[in-house]
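Colleague: For this one, chain C is given, so just place chain R on it according to the hints.
Protein chains: 2
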Amino acid sequence: MKIAVDAMGGDYAPGVVVEGVANALYEYPEIDIVLVGHSGKIAYYLEKYGIASHPRLSVVHAPTVVEMSESSATSIRGKKDSSITVGAKLLKSKEADAFVTPGHTGATLAATKIIVRTLPGVNRPALAASMPAFSGRFLLIDAGANIDVTPMNLAEFAIMGSVYSEFLYGVENPTVGILSVGGEDSKGSDLTKEAFKLLEKAPVNFVGNVEGNTVFEGACKVLVTDGFTGNVFLKTSEGLANSVKYWLNVIFRKNIVRMIMGLLNKKAFRELKTNGSSELQGGAPLLGLNGVCIVGHGSSSPLAVLNAIRLAGECIKFGVNDKIVEKISRFHKLLEEESESEKSNTEQDV
Amino acid sequence: MKIAVDAMGGDYAPGVVVEGVANALYEYPEIDIVLVGHSGKIAYYLEKYGIASHPRLSVVHAPTVVEMSESSATSIRGKKDSSITVGAKLLKSKEADAFVTPGHTGATLAATKIIVRTLPGVNRPALAASMPAFSGRFLLIDAGANIDVTPMNLAEFAIMGSVYSEFLYGVENPTVGILSVGGEDSKGSDLTKEAFKLLEKAPVNFVGNVEGNTVFEGACKVLVTDGFTGNVFLKTSEGLANSVKYWLNVIFRKNIVRMIMGLLNKKAFRELKTNGSSELQGGAPLLGLNGVCIVGHGSSSPLAVLNAIRLAGECIKFGVNDKIVEKISRFHKLLEEESESEKSNTEQDV
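These protein sequences, in sequence, are chains C and R.
In terms of our numbering, the first sequence opens at residue 3 and continues consecutively.
In terms of our numbering, the second sequence opens at residue 3 and continues consecutively.
If you're looking for bench data, these hints aren't it; they were derived computationally from the structure.
No experiment lies behind these values; they were computed from the predicted model shown.
Incorrect hints may appear among the rest.
[To be verified] Below, simulated DSS-like cross-link-like pairs (lysine-lysine); rule was C-alpha separation at most 30 angstroms, straight line:
{"#": "1", "chain 1": "R", "residue 1": "Lys115", "chain 2": "C", "residue 2": "Lys195"}
{"#": "2", "chain 1": "R", "residue 1": "Lys345", "chain 2": "C", "residue 2": "Lys82"}
{"#": "3", "chain 1": "C", "residue 1": "Lys195", "chain 2": "C", "residue 2": "Lys319"}
{"#": "4", "chain 1": "C", "residue 1": "Lys50", "chain 2": "C", "residue 2": "Lys4"}
{"#": "5", "chain 1": "R", "residue 1": "Lys115", "chain 2": "R", "residue 2": "Lys335"}
{"#": "6", "chain 1": "C", "residue 1": "Lys50", "chain 2": "C", "residue 2": "Lys115"}
{"#": "7", "chain 1": "R", "residue 1": "Lys96", "chain 2": "R", "residue 2": "Lys345"}
{"#": "8", "chain 1": "C", "residue 1": "Lys115", "chain 2": "R", "residue 2": "Lys195"}
{"#": "9", "chain 1": "R", "residue 1": "Lys96", "chain 2": "R", "residue 2": "Lys4"}
{"#": "10", "chain 1": "C", "residue 1": "Lys195", "chain 2": "R", "residue 2": "Lys195"}
{"#": "11", "chain 1": "R", "residue 1": "Lys82", "chain 2": "R", "residue 2": "Lys115"}
{"#": "12", "chain 1": "C", "residue 1": "Lys325", "chain 2": "C", "residue 2": "Lys4"}
{"#": "13", "chain 1": "R", "residue 1": "Lys82", "chain 2": "C", "residue 2": "Lys195"}
{"#": "14", "chain 1": "R", "residue 1": "Lys319", "chain 2": "R", "residue 2": "Lys345"}
{"#": "15", "chain 1": "R", "residue 1": "Lys94", "chain 2": "R", "residue 2": "Lys345"}
Isolated chain C (complex conformation) (with noise of 0.2 angstroms):
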């Protein structure tokens, strides 16, 4: 199994990557990487983490970075040699099995988007990010990959939620949920509204409309939106809690015993940020594109690229892309029968 990563990607790129990289290859021995990046830049990484002359790891030199605060599209048009255009091109030739970057999020699928292209069957990859609930996480599809989307867009982005989930989660049948206004079937945009039509066909765990607060009480575990109302969802939840931590500062400096009290609790606090973290989880895949891309924070640690490269791997392993092409075509297939049955028995009214 071959993985390749980008290690100019992210704000401690490539230290931090370099770094992560020698601890999976340490960790998983059954993974062999190949890092895409500046060689020289890279080179002084390899000797301070040990691994210049590692038999499972190669390097692939691409000359220039897509930096963060760069637009998409015009760093995809005006570097064609960026770490992340190269990195998707092994995605395409199959010379890696899947890629992993933990970088700039809409550079990584405009470039993936124009050379590694979707499944059959799928109109757009989208963003699925996992996020912690009351117990446990649900998944978030489109975390932001599609601001302007379809009905049937949104259908697809919930079985390939729902795939990834069941391997995620390792739970069967995982519940979906479309991202609405109110509970009741009624409820919701004209985009929700003609989506849930279409969900009610899909072979999904279909549980109707969610709303932003009951899932966080674990109303589904796969939560189906379009990518502008996932990420003002996604951001709004890290700003809130970004807010909360403030709060709490506050309060326990406020005086000197809750000061003590405060730095007592720093241990139950950092469980807290544990079960928030998104260290853990490595990353979000692109669901959708046909190969394996998996998208890291841009502050990504060593862990979180170690994490990224795991989670990587165990998409291979569990087959997430096959078995998303198969459903897929199963729910279009159903539609046209459903479509043709309808045409014939208007044809016999006739």
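Modeller: For chain R alone, coordinates are given in the frame of chain C:
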């Protein structure tokens, strides 16, 4: 100043509403109150709280109640003599200067839209919710009244929100942002991109796109969005806040030492709760209606009812609606002039 109050609204009606009204009559000698609801069911509480023959209180009988579980549309069609509909009619006929209901947001919106109608120049009323940030608060508009909207609707929401938050927070020329994905001007959906262009011309302090995380850090005082995204934003914040509360409880209960610390910290948590409390806000106005209408939380306490009445009184005193009409008409005039000058330019070119 006469304020109509829906005695039957909310989960604990009419008891808590009458208690809140009794306190308001005592606290605000300049406010007269018209209680709207089932006179038989109210009578007991009027006696209990000693306001049965209060000189500044009158009761208007409304035989039916819109239950919190009912759908907005059917409740309005089916119950033409509900406390919400009767309250809206009092507002329309100017027998009341404001209408306060701690009840059903959807039904209130539906009834007031039909009966009270909108202010001149305003196409849609919007729900404006005040939310807690790191320091201070910000205004979310629309928090859920309009699911599918146009860019012009968003521009009008921005103007209304700007006027209202100037009054509510006592800040001059408050910053206004569009809730979007990515802070750059070019980011967003078709809807937000078009609204962005309109807001650059609007008489507000427009700061561009704002993300769901930075808004909690004070990125803007007025956060403009459609009612679908706004409702998701609101519910997600609510859900996550509950989630954090739950985690903290679990963590603090893990061992006895921590349990004691948890108990000692109760006061700290109470402060946190106050910071995020909706009780002190009283409720959210439906801005853009041709009359002042405040919707309280369904689980309103007497204190929340009191504060909703206070808020209604202040909206009248500050002349929120007159200021909205003035700013909206200035905005529409500006757009007209612009389109005329473009036309004449084109004619000159010819």
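Colleague: Quick check: which numbered hints come out false for this structure?
Modeller: Hints 2, 3, 6, 7, 14, 15 contradicted; others consistent.
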